[in-house]
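S.K.: The hints should help you fit chain D onto chain V, whose structure is shown.
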Amino acid sequence: MKWRIALLGLFLFSLWQTGFFDPVKLSKAGNIIPFLARMLPPDPSILPTVLSAMYETIIMAVAGTMIGGGVALTLATLSARQISPKPLRATFRAILALIRTIPAILWALIFVVIVGFGPLAGVLAISLYTVGYLGKLFYEAFDSVSGEVIEAVKGVGSTKLQQLRYAILPESANYLVSQTLFIFEYNVRASSIVGLVGAGGIGYLVIALVQSLQYSGLLTTILVMLAFVLSLDALSSKIRARFFT
Amino acid sequence: MSQPLIEARRVWYTYRPDSYVLRDVSLSIEPGKILMIFGRSGAGKTTLLKILKGILKPTRGDVLYMGLPLSSTEIAKTAFRSVGYIPQGFGVVSNMTVLENVLVGALARVPVLHSIIGSFPEEEVKRAESLIRQMSLAEYRDVKVSQLSGGQRQRVSIARALMQDPKIILADEFVSQLDPITATEVLDIFRRLANERGISTVITTHDIHLASRYSDEVVVLRRGAISYVGRSAETTVEEIVRAM
Chain V
713 MKWRIALLGL FLFSLWQTGF FDPVKLSKAG NIIPFLARML PPDPSILPTV LSAMYETIIM
773 AVAGTMIGGG VALTLATLSA RQISPKPLRA TFRAILALIR TIPAILWALI FVVIVGFGPL
833 AGVLAISLYT VGYLGKLFYE AFDSVSGEVI EAVKGVGSTK LQQLRYAILP ESANYLVSQT
893 LFIFEYNVRA SSIVGLVGAG GIGYLVIALV QSLQYSGLLT TILVMLAFVL SLDALSSKIR
953 ARFFT
Chain D
101 MSQPLIEARR VWYTYRPDSY VLRDVSLSIE PGKILMIFGR SGAGKTTLLK ILKGILKPTR
161 GDVLYMGLPL SSTEIAKTAF RSVGYIPQGF GVVSNMTVLE NVLVGALARV PVLHSIIGSF
221 PEEEVKRAES LIRQMSLAEY RDVKVSQLSG GQRQRVSIAR ALMQDPKIIL ADEFVSQLDP
281 ITATEVLDIF RRLANERGIS TVITTHDIHL ASRYSDEVVV LRRGAISYVG RSAETTVEEI
341 VRAM
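Chains as they are written, first to last, in my numbering: chain V, 713 to 957; chain D, 101 to 344.
These are calculated hints, taken from the structure and not from any lab test. Just so we're clear, the structure is a prediction, and the values are computed from it rather than from any experiment. A couple of the hints might just be wrong.
Calculated lysine-lysine pairs in the DSS-like style (CA-CA distance at most 27 angstroms, straight line) [to be verified]:
id, chain 1, residue 1, chain 2, residue 2
1, D, K157, D, K133
2, D, K133, D, K177
3, D, K267, D, K226
4, D, K177, D, K157
5, D, K177, V, K872
6, D, K267, D, K133
7, D, K244, V, K872
8, V, K798, D, K150
9, V, K950, D, K267
10, D, K157, V, K872
11, V, K872, D, K226
12, D, K150, D, K133
13, D, K267, D, K150
14, V, K872, V, K848
15, D, K150, D, K177
16, V, K798, D, K177
17, D, K267, D, K177
18, V, K798, D, K157
19, D, K150, V, K872
20, V, K798, V, K848
21, V, K872, D, K267
For reference, chain V alone in the conformation it holds in the complex:
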């Protein structure tokens, strides 16, 4: 009972601290109606621009996932219990943890400073973010491969590299592909967000539309993003169901 009261108290406190009980701010909630009214109807004339930005977003996600996935696979191998000696794997696990602590949007800000505005900064940010997450998921998958299978392959006199190729990778392949598909879905969304700080893609268009008060164009953009994300989810689920269950 005490815990429930404490939890409720914490919840109410967090609402109060973030302005939920501020009457001035609450009175502004009514702005949502005129805002939504200004979004309608969606502006079809902007569609070619939206599709072009969406294309850029997808390309960023594809490139980021592939570069990040490749690097993640290498770092995960060097972090795997079955392959790498303890000091080496501890070092690479720490590097992966460090990469994970910085969110994609912060990486995007860093790369915008380094390489300038545009999709290249976005791809680099997505790649690094992918390395952090897939790296961890991959080495955990490698660690969970049955010791018996590795023992059997090792027992023929194979090298560590051969054990990776003929035991660890094939045994965890389904999981690796499934997680890569998942991170690709995530990266499409992340590619939209990194655009907000100037790293290209549809996020870049969204911020431009908001700043120029083109809300009907914004609605068109949101609808295109929604349609794409839903289609991608459906396609990804089908692939997973077909190959990995």
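M.R.: Frame of chain V; chain D shown alone:
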């Protein structure tokens, strides 16, 4: 009496300092013989097999391979390649085809980079195909192992072990998971290998009735120590039960 292929001399093994899994175990395996090691769960059968294979090093005592100690790195390397090992769950890679699994047995003979890209010499592929035929798996050559039955997976693991060109095969709990008919078929394969090619086999099991008929010698382990050694023809089921 010919020289033993593998010999364990007064082997002790412990995972923790306070309790020994194996206690003063001595045994030897001669060419062309089938040795069955019986014992209840936890008797130390798997540990003994791993020590004979060279996966584990004895805490005390020695293991000799063709009269030479496994403590020497070079001998250990040779022995490691010449001793086929089939773990309890067969250790087959379910996401690879039957042919790929069998070719794993040739990895020590193939240059690493070639094997990484899956390029095996033609003679190795032919040899693997011949073994697949011998194990009556020809129609499953390109089928993923995940789609095979338990008995078929077991035959894949035998073919992989034979691909190593071993002098001896160590098989852990090999027949325990099979129905009696499949188990008989698998044991027939080992008998044929022993008679025709002089390949020795060590099989650990707790299935007394089926297995003792197929072996030449019997060893019983009780709580890590050998409690019975005898020739199969002169050993009764009751004697094994009493020793377990």
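S.K.: Measure nothing beyond the straight line between the CA atoms of K150 (chain D) and K872 (chain V); if it is 27 angstroms or shorter, mark the hint as holding.
M.R.: Holds - the C-alpha atoms of K872 (chain V) and K150 (chain D) are around 19 angstroms apart, at most 27 angstroms.
S.K.: Within 27 angstroms, alpha carbon to alpha carbon, are K798 (chain V) and K157 (chain D)?
M.R.: holds (21 angstroms)
S.K.: Verify the proposed pairing of K798 (chain V) with K150 (chain D), using a straight-line Cα cut of 27 angstroms.
M.R.: Between K798 (chain V) and K150 (chain D) the Cα gap is close to 23 angstroms, so the pair holds against 27 angstroms.
S.K.: Would the hint linking K267 (chain D) and K177 (chain D) be met if the CA-CA limit is 27 angstroms?
M.R.: The given pair, whose Cα atoms are some 14 angstroms apart, holds under the 27 angstroms limit.
S.K.: Do the alpha carbons of K177 (chain D) and K872 (chain V) lie within 27 angstroms of each other, as the hint requires?
M.R.: Measuring from Cα to Cα gives roughly 15 angstroms; hence the hint holds.
S.K.: Taken at face value, is the distance from the CA of K177 (chain D) to the CA of K798 (chain V) at most 27 angstroms?
M.R.: holds (24 angstroms)
S.K.: Given the hinted pair K133 (chain D) and K177 (chain D), is their alpha-carbon gap at most 27 angstroms?
M.R.: holds (23 angstroms)
S.K.: Is it true that the CA of K872 (chain V) sits at most 27 angstroms from the CA of K226 (chain D)?
M.R.: holds (26 angstroms)
S.K.: Taken at face value, is the distance from the CA of K133 (chain D) to the CA of K150 (chain D) at most 27 angstroms?
M.R.: holds (19 angstroms)
S.K.: K798 (chain V) and K848 (chain V) were given as a pair; does the straight-line alpha-carbon distance stay at or below 27 angstroms?
M.R.: It holds: about 16 angstroms lies between the C-alpha atoms, which stays within 27 angstroms.
S.K.: Going straight from one Cα to the other, do K244 (chain D) and K872 (chain V) come out at no more than 27 angstroms?
M.R.: At roughly 23 angstroms apart (the allowed maximum being 27 angstroms), K872 (chain V) and K244 (chain D) satisfy the hint.
S.K.: Within 27 angstroms, alpha carbon to alpha carbon, are K157 (chain D) and K872 (chain V)?
M.R.: Holds. K157 (chain D) to K872 (chain V) sits at ~20 angstroms (cutoff 27 angstroms).
In terms of the numbered hints stated before, the structure departs from hint 9 and from no other.
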